[in-house]
Each structure stands twice: as C-alpha cells, then as structure tokens.
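Fit chain B to the known structure of chain A by using the hints.
Chains A and B, in that order, give the protein sequences.
Those letters in the first sequence? Residues 1 to 257, by the working numbering.
Those letters in the second sequence? Residues 1001 to 1066, by the working numbering.
The hints are simulated quantities; they were obtained by calculation from the structure and are not laboratory data.
Any given hint could be a false lead.
Pairwise CB distance ranges (calculated) [stated by the list, open to error]:
(1) G1047(B) <-> G148(A): 33 to 39 Å
(2) D1039(B) <-> G127(A): 31 to 37 Å
(3) D1039(B) <-> G8(A): 22 to 28 Å
Selected chain A positions facing chain B (Cβ under 8 Å, derived; list incomplete) [claimed, not checked]:
(4) Y23
(5) R47
(6) V48
(7) N57
(8) I173
(9) Q177
(10) N208
Using 20 Å as the maximum straight-line C-alpha spacing, the simulated EDC-like pairs for lysine to aspartate or glutamate come out as follows [unchecked claim]:
(11) K142(A) <-> D112(A)
(12) K55(A) <-> E1024(B)
(13) K96(A) <-> E1024(B)
(14) K96(A) <-> D1039(B)
Glycine included, C-beta positions come from ideal geometry on N, C-alpha and C.
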Amino acid sequence: MEDLLKLGDKSYRSRLIVGTGKYKDFAETRKAIEVSGAEIVTVAVRRVNITDPNKENLLDYLDPKKYTILPNTAGCYTADDAVRTCRLAREAGVGKMIKLEVIGDDKTLFPDIPATLDAAKILVKEGFVVLPYITDDPITAKKLQDIGCAAVMPLAAPIGSGLGIRNPYNIRIILEQATVPVIVDAGVGTASDAAVAMEMGCDGVLMNTAIAGARDPILMAEAMRLGVDAGRKAFLAGRIPKKLYATASSPIDGILG
Amino acid sequence: MKIRLNGEEKQFADGLSIAQLLEELQIRSGRVVVELNRDIVSREAHGSTLLKGGDALEIVHFVGGG
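Extracted from the complex, chain A is given alone in its bound form (with noise of 0.2 Å):
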C-alpha cells in the first residue's frame, strides 16, 4: 500500500511541504522546489507593488495544477487579519488549504495561540482545510485538531533558527494524542532534523530558510527530500531499541579455539 500523507481530501507522496521565500530569484525558487520533490509549497499574500506591478508573479513559475499552492498569514498579528488574508487567498483560487500562523511577536515569531485558536475556528466553520502553526504544546495541539484542523504544525524552533527539534519530548506527547497529521513546522536546519521528526512519526515537515538559506539551495533541497525519506523509511520500520550494553553481530558459535 502507498505511504501517502493525507491533508483533507488530497493525498500526498511527499512528506516535505516547502517555503517560497528568501530564494535569489524565482528560476531558483521553482528548481530547489522541483529537487525537493515537495507537492505542497507555500505562499504569502501581499499588497502589488504598484509601481512596478509588471513584475514576474510567483505563479508564473509555479504552476498552480503541479503543486498544491499553501497560502500562509505570515505577518498578521490579530485573529481579524488572518481570516482576512484566507479569504483573499481563497478568492486567488488555489483551493481552501490555508497555513495560519497568527503571530505573538516579531523577535521570536512565536504564535499567538489564544488568537490562533480564534481564528481556526472561523476559518473551519468558513470551510477552509486549516494547518495551523503552533509552539509545540500539546494542548494547544489538541485544541486545535478538536475545533477541526486538518492538522497541527508545532514548531521544531523558532522561525528561520535553524536549531532543529527543541523538545523532542513535547512533540512526542502530541504525536501521541493526535489524530490529524503532525507536521513540524518551522526550526530545521538540516537534513538531519528533518529526519529525526520524521522518525519519531511525524507526517511532515514544513520548512522554508533551511533550504533557500543553505549555502547551495538546490543541493540542500535534495538532502531534505533524502532526510524526510530516510527519516519516513525508519519510522516504518521499527527501530532497534537503544541498549547500554553490546550484543555480538557476528555468530558466537564456531569462533576458532
């Protein structure tokens, strides 16, 4: 049976959803997008430059019927202002799945979870599949998959550090009580805590400045897809159990004397 992430009436072979900022230009953007073999590529919605709105578009390299468009609300800090950036997003026509982040304050990027809770709940009464960007708390987690997220997006770190998962344990106690996809969200630096989220059976994971920030983007997207994989794989699998002690590989019987 295929291994598909669901998100809620869509399936999914690839469990890295990535970002769309920070990129040199957009050439660069649609190719670490194409290597990192991500379905769902998330986007901000701002105001047109009018000035100079002859601009290229995002969409013109991102075509809209090969990728699953995930507009965010980065940058709104009320309930008010996210819903309503959902709703311009809708009205683009790129489908009813939007990331909400409502955030607390500009030095950490850390969500305003009461504000968060608000919002989502408009927005899953409006009809909108809701993944909403969280700190990485169980209750708030479940708070959030009881109002009717289609998932629940708790933070590795803050936004753009890099640090990888702070507290494994936290993440470990909402995969625990989920029954939506968890997917990490934010805080990965490298391939290898894409890969630990995803071996402790996380769905997914989002990241945007661990790719576009590496010193070779495109090279660094293909490591991310590899870590989610190897990551997914050994979750599948079962891992061995740590032990402090060793146990022989080879055959104890037979050793010459």
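Here is chain B on its own, set in the frame of chain A:
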C-alpha cells in the same frame, strides 16, 4: 477622484471600474485579488464594479513565503 490604493492616496478619473483601473495600472487581473472597502470583489465583478471617491482598494497577490 481620490481613492486609497494599497494604503496610498491616488488620483484617478471619475467613474473608473475595477477592471479599467487594473488595465490602467497594467496589472493582470488573473493573478490578483481585489478588496474594496474590506469586501472581496470577485473577478467576474471587476467590470461592473465602479469606484468612487474615498474608496479603499487593496490589490494583493502571492509572493514567496514560508
């Protein structure tokens, strides 16, 4: 007439429709979403929606983001 376009006061000819405004600004309507006084205007309604002085218009699109 003066309208507030993406947060800035701008001067336009009276009676312009949203479709005409987008054309004047050389913006491809297929790639943007328009909000007039906080209400979304569907693409189909761009031609029939006329602007008046004091309107607040937001024209947004997708950009790279994480």
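Evaluated hints:
| no. | hint | verdict |
| --- | --- | --- |
| 1 | G1047(B) <-> G148(A): 33 to 39 Å | holds (37 Å) |
| 2 | D1039(B) <-> G127(A): 31 to 37 Å | violated (18 Å) |
| 3 | D1039(B) <-> G8(A): 22 to 28 Å | holds (26 Å) |
| 4 | Y23 | holds (6 Å) |
| 5 | R47 | holds (4 Å) |
| 6 | V48 | holds (5 Å) |
| 7 | N57 | holds (5 Å) |
| 8 | I173 | violated (26 Å) |
| 9 | Q177 | violated (27 Å) |
| 10 | N208 | holds (3 Å) |
| 11 | K142(A) <-> D112(A) | holds (16 Å) |
| 12 | K55(A) <-> E1024(B) | holds (15 Å) |
| 13 | K96(A) <-> E1024(B) | violated (31 Å) |
| 14 | K96(A) <-> D1039(B) | holds (18 Å) |
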